Amino acid sequence: LKCSLLKRAVHERCCFALALRGRSHGRVCFFDGPEMRRPKAEDAVQPAAPADLHYSRCGLSEVWADFNKPLPDFFGDLHIAKDGGFSEIEVMLEPRRFLAAVLSSFSLVLNLFFIVYPNVQILVDRGGDDQVEAKAMISNYIWGAVAPASSAPKPKIVLACLELGMLVFYTGKALVAIPRILRKQEASRWHAWSYLLWDTIPTLSSFSAMKSLHYITPKILIPATLHCVKKMRRAGSKYGLHLLGFFALRLFYAFVGFEAFVIKFSLAANTQETATSFLGAAGSALAFLNQMLGVVDVGRFASRRLFVFIFGGEDGFMDDREELVAQTFLAMLCRRVWHATATLKKKPRWLWFLAATLSYTDDQFQTLVLNETEPMHRQPRKPKKVSASAEVEGSSAAPVSTFHESAIVEPDRGKGELSGIHGPDFDVSESGASAEAEV
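Each residue of the sequence shown is one higher than the last, beginning at 1 in my numbering.
A hint or two may mislead.
Here are the in silico distance ranges between beta carbons for each label pair [what the hints assert, rightly or not]:
1. Thr217 x Phe75: 27 to 33 Å
2. Gln327 x Ala235: 16 to 22 Å
3. Gly299 x Phe252: 33 to 39 Å
Hints are computed from structural coordinates only; laboratory data are not their basis.
The model shown is predicted, which means the values in this text are computed figures rather than measured ones.
Heads up, the beta-carbon is just placed ideally off N, CA and C, and yes, glycines get one too.
Construct all of the structure, not just a fragment, from the sequences and the given hints.
Structure (structure tokens):
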């Protein structure tokens, strides 16, 4: 009798604990005799909406049971917006975009200041008392092998000329886009706007001579090499000459980036030792830190990966046609944002336009392109309403552009393509009834 009562008490305590866990997932379990049961209508229990999924052992087991099928429906609630999300453009015109735009502008001004002011001062002083004695500089050994070491150029002057030359190059690209913006041809004008806002300005915000290290970072180098091989294979060209040029260019990037890093690191260390004020030392350290963080532009890398995922298709490769489609998408997105500022009565229009475009990131791209019907990890949100900006000014029945016509999200997450792979749990070749029985 004592043993049975003890088992009863332990069973009730376990059921109570499981009920609390079930409540944390929005599911309430009830003790009804020796078994646990799901809530019924008469129980009238309204569980609180979960703020986030708590990955306890019970929750993982329930999710596993939900998807434990031969072809699980992982992406059944996910759909790609065929119009590129232009009908939801109002999400880019929110007041919080101004903060991100201000931070982006501050980064641009800060980087340009620390590129122009120190380098111009070095050229005016003709290098001054060059205190850079970096033994790790490869150029010193190369120059010493072909000429006397006393005739070697000062590293600071070489670096200053290189960075100012890069500044002139990128500034020239920005100035070339201005005449295209002033043209009456709509395609040329909005392509120039997208190129200026989402290519040139982000580059000016973080460029330096150390930026060359971006191309030899393993996360960048390996995908670039595979892309080069795929491109040559599709073009039917031989690998030797193209791969040789590709790796020769990467070796040049590595040499320039390494030399720039050694020089800037030595200058920053000397400045910290010889600085007479806190502002001078902090400013030098902040400039070096900003340029180091800009070596690998995470935002542009993530955006590029998303574009390859959406526009590149199943093979993960963007050919010339798909590259043009992606550029057209960005240009039309610029145009839609500008028209939306008038439709939604945002004043001044140019300020809202700059705030929306300068703060555009891969998060906004994902929000526009992807739609969810019944999200599994949170409460179903209200269906998205088509904004008033969906219609372009001056056209009452403009056709909807289809950017992702060939992109289809497969709910089975590609498991239907696993031909020849037969695991111990599932057999794709079985019929639906036998598969359900097996599960």
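We went through each hint and held it up to the structure:
A hinted range of 27 to 33 Å for the beta carbons of Thr217 and Phe75 is consistent with their spacing of about 31 Å. Evaluation of the 16 to 22 Å hint for Gln327 and Ala235 yields a pass: the beta carbon distance comes to about 20 Å. Checked against the hint of 33 to 39 Å, the C-beta distance between Gly299 and Phe252 comes to roughly 25 Å, which is inconsistent with it.
Taken one by one, the earlier hints fail for this structure only at number 3.
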